[in-house]
Amino acid sequence: MNGGACSAGRSRWVEFDSVVSVEIHVQLATESKLFCRCASVYGAQPNTSVCPVCLGLPGSLPVVNREAFELGICAALALSCEVSSICTFDRKNYFYPDLPKSYQITQHYSALGRNGRIEIEDNGGARQIQIDRVHIEEDAGKIVYDETTGESLIDFNRCGVPLLEIVTKPWVTTPEEVYKYLVAIKQVLQYTGVSDCDMEKGNLRCDVNISVMEQGAQEFGTRTEVKNLNSFRAVQKALEYEKKRQIELIRQGKKVVMETLLYDDVSGKTALQRSKEQAQDYRYFPEPDLHPFFISGEWLESVRSKMVELPGARRERFIREYFLPRYDAGVLTGDREIADFFEKCVTLHNSPKVISNWIMGEVMKTLNEKKVSLSDLNLSPAQLVELINLLESGEITNLVAKDVLAAVIETGKSPRDIIAQKGLRQESAEDALRAVVDKVIASNPVPAVEYKKGKKTAAQFLIGQVMKETKGRANPQIVARLVLEALDKAAPENPQK
Amino acid sequence: MTTCFEIARKIRNREVSAVEVVKATLERIRLVDPKIGAYLQVTEKDALEKAQEIDSRLAKGESVGALAGVPIAIKDNIVTKGVRTTAASRILEGFIPPYDATAVKRLRDADAVIVGKTNNDEFAMGSSTENSGYKVTRNPWDLKRVPGGSSGGSAAAVAADTCAAALGSDTGGSIRQPAALCGVVGLKPTYGLVSRYGLITFASSLDQIGPITKDVRDAATIMNIISGRCENDSTSLEAAAQDFTAHLEEKINGIRLGLPKEYFALSADSEVTKAVQDAARLYENLGAKIREVSLPHTDIGIATYYIIANAEASSNLARYTGIHYSSRQTPETGSGSQIFAQDVIDSTRTLFGREVKRRIMLGTFVLSSGYYDAYYIKALKVQTLICRDFEEVFKEVDALITPTSPTPAFGIGENIEDPLAMYLCDVMTVGANLAGIPAISIPCGFSSRGLPIGMQIIGNRLSEGRILQVARAFERETEFHKKKPRIDTDECG
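In order, the protein sequence lines correspond to chains A and B.
Using our numbering, the letters of the first sequence map in sequence onto residues 1 to 497.
Using our numbering, the letters of the second sequence map in sequence onto residues 1 to 493.
Some clues are possibly wrong.
What follows is a set of in silico ranges between Cβ atoms, one per label pair, in the way DEER data are often shown [to be verified]:
1. A:K244 with B:P419: 57 to 63 Å
2. B:K274 with A:Q280: 29 to 35 Å
3. A:T48 with B:L380: 39 to 45 Å
Derived pair list, reagent style DSSO-like, types lysine-lysine, alpha-carbon separation capped at 30 Å [unchecked claim]:
4. A:K92 with B:K261
5. B:K381 with A:K92
6. B:K357 with A:K92
7. A:K180 with A:K201
8. B:K378 with A:K142
FYI, nobody ran anything at the bench for these hints, they're computed from the structure.
Glycine included, each C-beta is placed from N, C-alpha and C at the ideal position.
Full structure from sequences and hints, please.
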């Protein structure tokens, strides 16, 4: 770092904190849209899941989907919010081609839930991130640009899908911690079935606001808004870049301007969004087509009682009940599907640590390679347990087991069938193995000699060759014993050989 | 005079066929409507098909709906499936709705025959139908005068006997005022009693669909068909189904009727005032108790109405952009240059008429940051005061009697250059919209020029049955509703 401090800028020895607030929009996993009965679909042919209401045709009117509300309430409770007993809606008015009514029905003057929090892991301990509000609103359509014709096309399938907006209070934090916050939110929302939170599918969108201030300062600095963040890592990188940029500006004596920036994942930089001259006046006013919606104490209780065990609680239970290390418990409960899968396996075969190892190892490795989720993978708890049983009983070796797992996933057949079909049973018959050992020693005279000379590791080579010869099916312990026996038995070194 | 009741009865008894009735109606339209201009569209083929279908079911001895074969016209701001619906605006010139409004569907289910779409002020904004983007409608009683608005086409069609009844919509008086000016019956229901699904919205919290008919019984009959809970309209009431014809013929002895003094002060025409006062005397002779009452906030009704209605309208009409339906006006550009969505939106929205643009701008202004509290929120507070005025008054009386319109029909072109003068046509009608309470206008006299005068009866929420009863009591004793306009159908004139 250069030493020189600018006259009007801040000295390079002054440290800065960043203050961030995060705004997430998640699509609720409802069957239908928020204000009409159209199915909430992904990837369907354009404009095939639409109706007069979500298209905003003249004379159409919104009707609230109770299921959407129930999921919203569930999320609000899972995030420890105070849930409003009266929910009202407001119109946010602006013109844009993907917004058929030229207004969005949202909650501005009220919110479904307020003053919530979520816990994230912080260097072995825990930290609470404050959530300002949670509210429900409808999504807009999707604009697709056709390169060949130069036309912009609009697909209204997504229009009217329910969104949950989760907004944090601004807090002094680091980009890395914000990443953890996002992971924690995703986990809670997946667990409660509120949303799949898949940024690739577009059902989770994230915008952030960031400002910097000198450590110890009382007032927050001017913030910028960053959009176009397509993954959690992108959020972190964008915040890192923007934090540096703002600090640099201030150190040079310049001011941070309140503006909206777009993040470019390729360059890793933020840049000004094209012309947004004035602040938009959305002319919010209460939605006259929808009367206030009451959430009774009974309804709240019924949602609460139906709620699943949340990730934090589940993790602690895994440590307690299954005697798993904290790390294992954390990995397994990171994804609800994986946690469910694990518990099903344990009910079939009470070896939690072994099952945990297999899931954290081979299974999750496969998920990462194939870029799928557990539900898309062709593997049942029964199948994994069968495999583990076969391994523990000695019928197959560890090496073979990994191949068998891959084959089960590939073909959907049971481990037993695959072993039988490919003849993968562990070869333990000593006579058969002795024949192979002898053959291998005979074709590899040098290691045998070296072993005699005292180089014990030469035996390893021979053991490896036997395993290779038997395509990994040989029982390694028996092979090792037989090789050593054979070598020890060998004729003493003959100088003429 | 053929009413819905009469036509339905005759068709059910097979005294006349549905096809005969429709043909006669279509013939009457052909003869008379070129002078009146009530219709934007006549759905001849559909009407005849429906009539044929009804006759064939009757021939087989099958049962038919309560309005079987009755020719009904629909105001063009109410969507009709497969039939062009424009709200009398150029911005919806090619719009063909893929669905029926609930009120229309219920009429169809009752086997009514929809004969066409009637003219109105564009997007229901106006009191004379002169704001239509398509044509002028003339008052059948005097072709140089307006039929009132915004449901002027519907009222004129009923008055000219080119349909048995019509649907209109009322936001600030748009059913009642044209009914008064055309000498027919018009009812605005309690807010939420008739579904708004399919009504092209002007002001969400004030709009209602209602019947325009030749007599009170027809209005009650149509209300039976179109009212009631609708699951597509969240503002639709859960109220239990009623038979609005049940108490029509009962005597009104002892009923307490109030005359709000502020309304009579607003009446600009002495003949109008006199006609309504004569009506009050008639009620007294029938055993009603008449007294003067007060609705203190009447004078700020118009201002309150126009702030709330225009605010909601500015948002409700924002969807007309040319992007995803209706007319699109693409701006002129050189070939090869890009056209941006905002340009399409701006260019298309020039298709709105002047009054619509005026109201959108007013509405946008009162909702804008910095003015929202001073205008919109303030207006909502005043609305509460107006509601309270009515609540208080209905503790003392059962219904109110007032003039419907300050004057009889005025000349075409007379008020069109003066928006405020036009707005003042609504002074007596907006109160009921703001309070969400039912009101009916019935013919109660004629001016010295032979123009109809209408009397308004206002009741408390969900008291349609009572105000219909009060209206019917007057109708039983008078012949005003039976008088028909003489429409000169010669080539000249």
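Has the given pair, B:K378 with A:K142, been kept, meaning a C-alpha gap of at most 30 Å? violated (38 Å)
For a C-alpha distance cap of 30 Å, please report whether B:K357 and A:K92 respect it. holds (20 Å)
Return holds or violated for the Cβ distance of B:K274 and A:Q280 against the range 29 to 35 Å. violated (55 Å)
With respect to the beta-carbon atoms only, verify the hint that A:T48 and B:L380 lie 39 to 45 Å apart. holds (41 Å)
Pair hint outcome, B:K381 versus A:K92 [Cα-Cα no greater than 30 Å]: holds (22 Å)
Tell me if the straight-line CA distance from A:K92 to B:K261 falls inside 30 Å. violated (42 Å)
Is the straight-line distance between the alpha-carbon of A:K180 and that of A:K201 30 Å or less? holds (21 Å)
Is 57 to 63 Å right for how far apart the beta carbons of A:K244 and B:P419 are? holds (58 Å)
Violated hints, listed in ascending order, are 2, 4, 8; each of the other numbered hints is respected by the structure.
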